[in-house]
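As a plain string of letters, each chain reads:
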Amino acid sequence: MSDVIEALVEREYAFGFHSDLDTDLAPKGLDEDVVRLISAKKGEPEWLLEWRLAAFCHFLTLEEPTWSNVHHPPIDYQDMHYWAAPKPKPQLASLDELDPEIRATFDKLGISLAEQERLSGVAVDAILDSVSVATTFKAKLAEAGVIFCSFSEAVREHPDLVRKYLGSVVGYRDNFFAALNSAVFSDGSFCFIPAGVRCPMELSTYFRINAAQTGQFERTLIVAEEGASVSYLEGCTAPMRDENQLHAAVVELIALDDASIKYSTVQNWYPGDADGKGGIYNFVTKRGRCAGARSKISWTQVETGSAITWKYPSVILQGDDSVGEFYSVAVTTNHQQADTGTKMIHIGRNTRSTILSKGISAGHAQNTYRGLVKILRSATGARNHTRCDSLLIGPECGAHTFPYVEVKNDTAQVEHEASTSKIGEDQLFYCRQRGLTEEDATSMIVNGFCREVFDELPMEYAVEAQALMRVSLEGAVG
Amino acid sequence: MLHIANLRASIAGKTILNGLDLDIAAGEVHAIMGPNGAGKSTLANVLAGRDGYVVSGEATFEGVDLLALAPEDRAAVGVFLAFQHPVEIPGVGNMYFLRSAVNVVRAKRGLPEIGAMDFLGVAKEHMARLEMDPAFLSRSVNAGFSGGEKKRNEILQMSMLEPRLAILDETDSGLDIDALRIVAQGIERLRSPDRSMLIITHHPRLLDDVRPDYVHVLSGGRIVRSGDHHLAAELEANGYTSTLAAVPA
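Chains as they are written, first to last, in this note's numbering: chain F, 1 to 478; chain Y, 1001 to 1249.
Be aware that one or more of the hints could be misleading.
With a cut-off of at most 30 Å between alpha-carbon atoms, the simulated BS3-like pairs for lysine-lysine come out as follows [claimed, not checked]:
(1) F/K164 <-> F/K277
(2) F/K422 <-> Y/K1150
(3) F/K138 <-> F/K277
(4) F/K277 <-> F/K408
(5) F/K422 <-> Y/K1014
(6) F/K343 <-> F/K408
Since the hints were derived computationally from the structure, they do not count as laboratory data.
Fair warning: this is a prediction, and the values are worked out from it, not measured in the lab.
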């Protein structure tokens, strides 16, 4: 057993390379000028600059929160760049004009930006550091009336939509990192699915941090109108560096009547080395609003990366009969920390939510589930079912569960189950007796533990997620 | 084929096996009986390579030193242990688990992988004989199985893995009469000239259906008496204490 533990606390990060791109960097530091500079670089309209400045003013009144179960040295917000973009800023007539080095970067990540890869059937928006560098399949999506583009382009081409929905789910007053993001966000993805349209393909955004000492602050905004549906996936990687880099994103989802949004994340930011040096601080605010009746928002996340993950993809169940789901696998090894979970806010009648959280800890890692189920007085007939399972690998790691439940309506049904288990020597021995190596056995047991969550991922990503788990947990068994 | 000489094993400072000798030739079926705490399960675990024991002495299979091998390498040599308490692995499909195991062992023996369809066909044949519902293939390994279902699943795995040395650790315990018959028939079918079997049991009833070539009594960590299947009948009639009391010291 001890061999496994030793092996598990070591891991290899396959995406740690750095691309040599000529990068346009803003000077380090954060002040009003930087906010104005970002807005100017992007040629934004006045209203958006005003919004950013309002967010920045609010940010100045806030202190970094300390309530989470993660620990890190103070972040120096003046010691990082808030803008980094590959030069020259691409104004592409077609993907063929994409900087070959950027294309190579994404090819190396297994994300083909070439449209000839039509068979993959997934439209990708590729975001490198602060800007979107390419979006595929735009024409085909446009035929269906679907808008899928970078946030910057959306501001230029669809300002009314952006203005209507930006900040409508996560306002800049929401929290410290949301305020910071609102002030300095550089790019992101925008999706709009018009009424009655089923998006004809999976949409996906791939986030890549490349530049050093740079924070990444992007916003994603997805709107599904009445009866529309979409499945969206984001993936993330970053080079290996000794410093910690901050990633503070905001994601807002809005589902109108009978609309459905499925949002999947495979997060594999650089987690830091075996001694806990370096890695991404992933402090993200994600929230969806089931604004319409019978709407549905489903979050699925597989979190294997980042030195610290701190996020709670949530659903506000406003429309009657709306449905919120949260399926999560969070893996922490070495010195990684994760404090993640969800909030389900039941407002409408007969709203239903499901929470399934699987936390896996190895090495010295600490893994925390933190969830809130809130049933408001108006939410007659609301139901929630929560299950939190933790799997511990080795004696040094920890699993923590903080479920909060607030019920203000007597008709609500709220159920909570929790379990903590260790990968047993019995299970390992059983598998090995059948011929499987310790590494294969561990991988199989862990994947089995996560099965119900992986089943929620789109097919092609479920396979990827399993492979990722294997790499995450087993880099150096042998 | 299996040669065990002066095998000793202790756990947490307590001696369990204390100089055990045993030889099993190819095609032979040996039964080991003995009172609780005699070391029967320890013998099975030590031969299969479970961690936690301090082991000395000799245990070779066709000249290969088993004690020097990791559990998975012993499996590749052909050692199979039917567990007394089969382990549950939630979320891992029974079919997936079994096919992975079969193909890993085949790869180590230089045999080609079995495809999913072929595998399914063979598995279903074995399951029909073991009176198992094919739905078991899509369920998680042993999760939520009854005691009898788990034991049948062990026999299914054994049938698919085609071991050279099969060790059955109290496979008959906790089975009702019908399940016992099915399991016994499953074992009997696997009897073959190039396969050795070591059946550990508390109860002679199994040995009515699977007639062993030799019966050994294990007590105090060593084999104290050996005989043919009549020994099992004698044990049933007289119990361990008086049967063993008849043995010269």
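Hint check against the structure, violated hint numbers in rising order = Numbers 1, 3, 4 - these are the hints that the structure violates, sorted from lowest upward.
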